[in-house]
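Turn these sequences into a full structure, and let the hints steer you where they fit.
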Amino acid sequence: MADDQKKIIPINYTSREFNSIRQDLQELAERLYPDSFQDFSEASFASLMMDTVAYVGDQLSFYLDYNVNESFLDTAYQFNNILRHGKVLGFKFTGRPSTYGTAAFYISVPATSTGLGVDRDYAPVLRRGSTFNSSTGLAYTLMENVNFADSRHPIVVSKTNAAGAPTEYAIKAYGRVVSGQMITEKITVGAFQKFARLTLNTPNVSEIISVFDTEGNEYFEVDYLAQDIVYKELSNRNYKNDNVPSILKPFLVSRKFTVERQGEVVALQFGSGKESSSDLVADPQSVSMNVFGKKYVTAQSFDPTRLTENEALGIVPENTVLTITMRVTNPGNSNLASKQLNTVGSVNLDFEDRTKLSSGTMQSVRNSLEVENETPISGDVRNATSDEIKQRIFDTFPTQNRAVTQADYENIAYRMHTKFGSIKRVSVQRDPDSQKRNLNMYVISENSFGKLEKTNSTIKRNLKIWLNQYRMINDTIDILDPYILNLGIEFSIRTIPGADKKVVIGRCINELHKNFNSNFYIGESVSISSIYNILNKTQGVLDVIKARIISRTGPNYSGATIDINKNLSPDGNQLVVPKNAIVEFKFKSTDFVGKAK
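Mapped onto the working numbering, the consecutive letters of the sequence shown carry residue numbers 42 to 638.
Be aware that a few hints might be false.
[Unchecked claim] Simulated pairs of lysine to aspartate or glutamate, EDC-like, Cα-Cα distance not exceeding 20 Å: (1) K638 to E531; (2) K587 to D612; (3) K620 to D474; (4) K235 to D264.
[Stated by the list, open to error] Label-pair restraints from in silico Cβ distances: (5) R502 to S409: 26 to 32 Å; (6) R168 to K213: 14 to 20 Å; (7) N60 to T602: 35 to 41 Å; (8) L73 to N121: 33 to 39 Å.
FYI, nobody ran anything at the bench for these hints, they're computed from the structure.
For every residue, glycine included, the Cβ atom is placed at its ideal position computed from N, Cα and C.
Printed below as a string of structure tokens:
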């Protein structure tokens, strides 16, 4: 053989973990270095060297696989990396969900001098921003003003004098509340910096309420920095006539920011403009009127955002102190059962004319305030899983901030900002009885125990307003409650010889509960063959004799039922669930029943 020819040693490039790499190294050492390495016992030097190289190879293979997987949305595993991929595709993570509900407020107001009716001068207005607490220590904030002087509120006599004449009346009013409380944080900002990014130190931030600097300038939250128009809520002076408490008006803004979330960390992202060089509003006629010698646009529809022509993406705060008011939601589960919201916290009661009223009587009215939630306060309080976030990202990109298809409506409903509430499952179906483009949107929430329950009216109202800015003009949407089908599983198995039958049945129940505990989607069918598959793979099971799905009824279950036999697929492998219903296996101890032979 010529000297320039070398023997080619085959290398197995598929070996990527510790044991296989070490085995290949040992085979090469035995083949190429038989005189140098003869002792391959665990205590030998050759074994030490092979273990070291195999360990390094295993680590390199792991990080190579990790980096490649995290580079693509399909295979990404880390939650923060999934959010980064979603940001590129237009998905915006809204953070920890909030829960909404309606609370009943009671207050005792003195009677008039004649005793016939309420002295409405002492009927105050409970201002929004007032806080209340539950018996479990959770905080809730009032979202709207509650006017006790409104004649539509029910009134009953609460106290009488010795002659039986009324001296005080109790007024009952309702108001919407949201989980969490208001927190203020101050951040000192130094010299000008383009695209300044300020990270908040407060955890569990659900909503940014306001941002002001020391000069009194207000900074507005926008969806993206190129957005120059925001809508502000103003009090309606004609409220008594048209019964509309607030009106929305558009405002051109130059001081703006976007909210970016990375897990529990919340940051404010500003633009790149300086106040001295900012050109907020351009000449309107240069963009809206076709004037000779002037700049104009030829588009038939005029976009008011063209008025700003602000290329700096907003003014950046500099050499000031920002006062940031935010709503911080409860760190745990914010769902409440009925009658658990019962403690008055920090409240703001406003009387119409304090100068004419007695301070002692006003204090007595203030002390009489009570609160109670007659209905549960609920919503989806758990953050979405990585798989759910991926699916929402996939649906966000084709939606493009407009709703055309049924999938678009579902994606936009899931993307509703958490400050408006959150829902667990959404399904949109075309109404078969409508001759127009009417859609039925089924939504469901969960309670504090993670069980399904109907979505309350406050979240539905917010969802309606949220969808209105995306829907097609000729689409009509009905927001409905799906039927909750509570089901159970009965099974019979044969255990391996010598196995403890009670232990094996317990394992089977645990495996079934683990696989069927997660909430189904609305209209999702139940696979019967998967039940057999789960039981067959359980340790100690020799064979599955029979398994079947049963309906669960009773005081702790919903009233909806389904005929199991009539809704089985032709091959008997699936229970077909109606499009307006959702399946729930509610209780582990009673919904899964097994026998062993």
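Now for the hints, and whether the structure bears them out:
no.: 1; hint: K638 to E531; in the structure: holds (14 Å)
no.: 2; hint: K587 to D612; in the structure: holds (16 Å)
no.: 3; hint: K620 to D474; in the structure: holds (14 Å)
no.: 4; hint: K235 to D264; in the structure: holds (19 Å)
no.: 5; hint: R502 to S409: 26 to 32 Å; in the structure: holds (30 Å)
no.: 6; hint: R168 to K213: 14 to 20 Å; in the structure: holds (18 Å)
no.: 7; hint: N60 to T602: 35 to 41 Å; in the structure: violated (55 Å)
no.: 8; hint: L73 to N121: 33 to 39 Å; in the structure: violated (46 Å)
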